[in-house]
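What follows is the residue order along each chain.
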Amino acid sequence: GAVVSQHPSRVICKSGTSVKIECRSLDFQATTMFWYRQFPKQSLMLMATSNEGSKATYEQGVEKDKFLINHASLTLSTLTVTSAHPEDSSFYICSARDFLAEKETQYFGPGTRLLVL
Amino acid sequence: EDQVTQSPEALRLQEGESSSLNCSYTVSGLRGLFWYRQDPGKGPEFLFTLYSAGEEKEKERLKATLTKKESFLHITAPKPEDSATYLCALVARGAQKLVFGQGTRLTINP
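Protein sequence lines correspond, in order, to chains F and Y.
Letter by letter, the first sequence follows residues 1 to 117 of the numbering used here.
Letter by letter, the second sequence follows residues 1 to 110 of the numbering used here.
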């Protein structure tokens, strides 16, 4: 149980284009999903917290107009990197928390590798 | 400020050589402490959640313990497939987000 998927697993795009990454909780409902990015040999950096049916809460320094987050259902959240630039190249990981479970455990997706040329 | 510090940064062991990873933390009130395993190029895999001092949890060769100031991840008779980065994180009372340590990169040599 507690499986989270991400799509695509890797994407290469040209500078200036937009890229959408999907995060799905496959066997549970998630009122809250989280988006992280991770640079090589570093820990995860939280970008934003996404609550179903409401606006995402962004961490300090993260541009909300550049990283658009939509959490339209209890099993799906999307991250759109708008007008991507090479410095946006990174490993993006989502996590989800089980709505029905009393525990605080977050389950992570497999990650999406983004390369902007 | 809530903080998590893991040590050592990297650890090399021989297959079968037991050891422990340390996670020291400071938090105003602990909601939960978590251990994850992360393989290169993949998302973190959930291992354990601990909620209160004195709690212990086990899974195969791994055992996690918790005190009021630190958590240990004990690995008994490790195998090469246990090689990974182990991440410790906490959620503070009243918060939602995980506060991560920098991780311990564990290598088990055959």
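Among the clues, some could well be false.
[Claimed, not checked] In silico DSBU-like links for lysine-lysine, alpha-carbon gap of 35 Å or less:
| # | chain 1 | residue 1 | chain 2 | residue 2 |
| --- | --- | --- | --- | --- |
| 1 | Y | 79 | F | 55 |
| 2 | Y | 57 | F | 41 |
| 3 | Y | 63 | F | 64 |
| 4 | Y | 79 | Y | 63 |
| 5 | F | 103 | Y | 57 |
| 6 | Y | 59 | F | 14 |
| 7 | Y | 57 | F | 14 |
| 8 | Y | 63 | F | 66 |
| 9 | Y | 57 | F | 64 |
| 10 | F | 41 | Y | 97 |
| 11 | Y | 57 | Y | 79 |
| 12 | Y | 79 | F | 103 |
| 13 | Y | 57 | F | 66 |
| 14 | F | 41 | F | 64 |
| 15 | Y | 97 | F | 14 |
| 16 | F | 55 | Y | 97 |
| 17 | F | 64 | F | 103 |
| 18 | F | 66 | F | 103 |
| 19 | Y | 69 | Y | 59 |
| 20 | Y | 69 | F | 103 |
| 21 | F | 66 | Y | 68 |
| 22 | Y | 79 | F | 41 |
| 23 | Y | 97 | Y | 69 |
| 24 | Y | 68 | F | 14 |
| 25 | Y | 68 | F | 20 |
| 26 | F | 103 | Y | 59 |
| 27 | F | 20 | F | 41 |
| 28 | F | 103 | F | 14 |
| 29 | F | 55 | F | 20 |
| 30 | F | 66 | Y | 59 |
| 31 | F | 20 | Y | 69 |
| 32 | F | 20 | Y | 63 |
| 33 | F | 103 | Y | 97 |
| 34 | F | 20 | Y | 57 |
| 35 | F | 66 | F | 14 |
| 36 | Y | 63 | F | 14 |
| 37 | Y | 59 | F | 64 |
| 38 | Y | 59 | Y | 42 |
| 39 | F | 20 | F | 64 |
FYI, nobody ran anything at the bench for these hints, they're computed from the structure.
Nothing here was measured: the structure is a model prediction, and the numbers come from that model.
Hint check results:
1. Between residue 79 of chain Y and residue 55 of chain F, the direct Cα distance comes to roughly 45 Å. Violation of the 35 Å bound is thereby established for this hinted pair.
2. Restraint check for residue 57 of chain Y and residue 41 of chain F: the C-alpha separation of about 28 Å stays at or below 35 Å, so the hint holds.
3. Between residue 63 of chain Y and residue 64 of chain F, the direct Cα distance comes to roughly 40 Å. Violation of the 35 Å bound is thereby established for this hinted pair.
4. Note on residue 79 of chain Y and residue 63 of chain Y: the hinted pairing holds, with a Cα-Cα distance of about 15 Å set against a maximum of 35 Å.
5. For a cut-off of 35 Å, the pair hint linking residue 103 of chain F to residue 57 of chain Y stands: about 15 Å separates their Cα positions.
6. A threshold of 35 Å between alpha carbons decides the hint, and for residue 59 of chain Y with residue 14 of chain F the separation of about 44 Å lies outside it, so the pair is violated.
7. With a C-alpha separation of about 47 Å, the suggested pairing of residue 57 of chain Y with residue 14 of chain F is violated against the 35 Å cut-off.
8. With a CA separation close to 42 Å, the supplied pair residue 63 of chain Y and residue 66 of chain F exceeds the 35 Å bound.
9. A threshold of 35 Å between alpha carbons decides the hint, and for residue 57 of chain Y with residue 64 of chain F the separation of about 39 Å lies outside it, so the pair is violated.
10. Distance hint between residue 41 of chain F and residue 97 of chain Y is fulfilled; the C-alpha atoms sit about 21 Å from each other, no more than 35 Å.
11. About 20 Å separates the Cα atoms of residue 57 of chain Y and residue 79 of chain Y, which keeps this hinted pair within 35 Å; it holds.
12. Taking the CA atoms of residue 79 of chain Y and residue 103 of chain F, the gap is about 30 Å. The hint holds against a cut of 35 Å.
13. For a cut-off of 35 Å, the pair hint linking residue 57 of chain Y to residue 66 of chain F is broken: about 41 Å separates their Cα positions.
14. In summary, the hint linking residue 41 of chain F to residue 64 of chain F is supported, as the alpha carbons are separated by about 26 Å, within the 35 Å threshold.
15. Among the hinted pairs, residue 97 of chain Y with residue 14 of chain F is consistent with the structure: their alpha-carbon atoms are about 32 Å apart, no more than 35 Å.
16. A hinted pair counts as satisfied when its Cα atoms are at most 35 Å apart, and residue 55 of chain F with residue 97 of chain Y qualifies at roughly 16 Å.
17. Between the alpha carbons of residue 64 of chain F and residue 103 of chain F the distance comes to roughly 29 Å, so the proposed pair stays at or under 35 Å and holds.
18. In summary, the hint linking residue 66 of chain F to residue 103 of chain F is supported, as the alpha carbons are separated by about 32 Å, within the 35 Å threshold.
19. About 23 Å separates the Cα atoms of residue 69 of chain Y and residue 59 of chain Y, which keeps this hinted pair within 35 Å; it holds.
20. Using a Cα cut-off of 35 Å, the hinted pair residue 69 of chain Y and residue 103 of chain F holds, with the two alpha carbons roughly 21 Å apart.
21. Taking the CA atoms of residue 66 of chain F and residue 68 of chain Y, the gap is about 40 Å. The hint is violated against a cut of 35 Å.
22. Pair hint residue 79 of chain Y plus residue 41 of chain F holds up; C-alpha atoms about 23 Å apart against a cutoff of 35 Å.
23. Distance hint between residue 97 of chain Y and residue 69 of chain Y is fulfilled; the C-alpha atoms sit about 19 Å from each other, no more than 35 Å.
24. Only pairs whose Cα atoms come within 35 Å are accepted, and residue 68 of chain Y paired with residue 14 of chain F is rejected, the gap being roughly 49 Å.
25. Pair hint residue 68 of chain Y plus residue 20 of chain F does not hold up; C-alpha atoms about 42 Å apart against a cutoff of 35 Å.
26. Using a Cα cut-off of 35 Å, the hinted pair residue 103 of chain F and residue 59 of chain Y holds, with the two alpha carbons roughly 18 Å apart.
27. Proximity of residue 20 of chain F to residue 41 of chain F is assessed by CA-CA distance (about 25 Å); at most 35 Å being required, the pair is judged to hold.
28. Annotation: proposed proximity of residue 103 of chain F to residue 14 of chain F is violated, straight-line Cα distance about 41 Å (limit 35 Å).
29. Taking the CA atoms of residue 55 of chain F and residue 20 of chain F, the gap is about 17 Å. The hint holds against a cut of 35 Å.
30. A hinted pair counts as satisfied when its Cα atoms are at most 35 Å apart, and residue 66 of chain F with residue 59 of chain Y does not qualify at roughly 41 Å.
31. For the hint linking residue 20 of chain F to residue 69 of chain Y, the alpha-carbon distance of about 41 Å lies beyond 35 Å, and the restraint is violated.
32. Taking the CA atoms of residue 20 of chain F and residue 63 of chain Y, the gap is about 39 Å. The hint is violated against a cut of 35 Å.
33. For the given pair, residue 103 of chain F sits about 13 Å from residue 97 of chain Y by alpha-carbon distance, which is consistent with the 35 Å threshold.
34. A hinted pair counts as satisfied when its Cα atoms are at most 35 Å apart, and residue 20 of chain F with residue 57 of chain Y does not qualify at roughly 38 Å.
35. Restraint check for residue 66 of chain F and residue 14 of chain F: the C-alpha separation of about 16 Å stays at or below 35 Å, so the hint holds.
36. Annotation: proposed proximity of residue 63 of chain Y to residue 14 of chain F is violated, straight-line Cα distance about 46 Å (limit 35 Å).
37. Annotation: proposed proximity of residue 59 of chain Y to residue 64 of chain F is violated, straight-line Cα distance about 40 Å (limit 35 Å).
38. For the suggested pair residue 59 of chain Y and residue 42 of chain Y, the alpha carbons sit about 21 Å apart, so the restraint of at most 35 Å is met.
39. Between residue 20 of chain F and residue 64 of chain F the CA atoms are separated by roughly 14 Å; this keeps the pair inside 35 Å, and the hint holds.
Checked against the numbered hints above, the structure violates hints 1, 3, 6, 7, 8, 9, 13, 21, 24, 25, 28, 30, 31, 32, 34, 36, 37; every other hint is satisfied.
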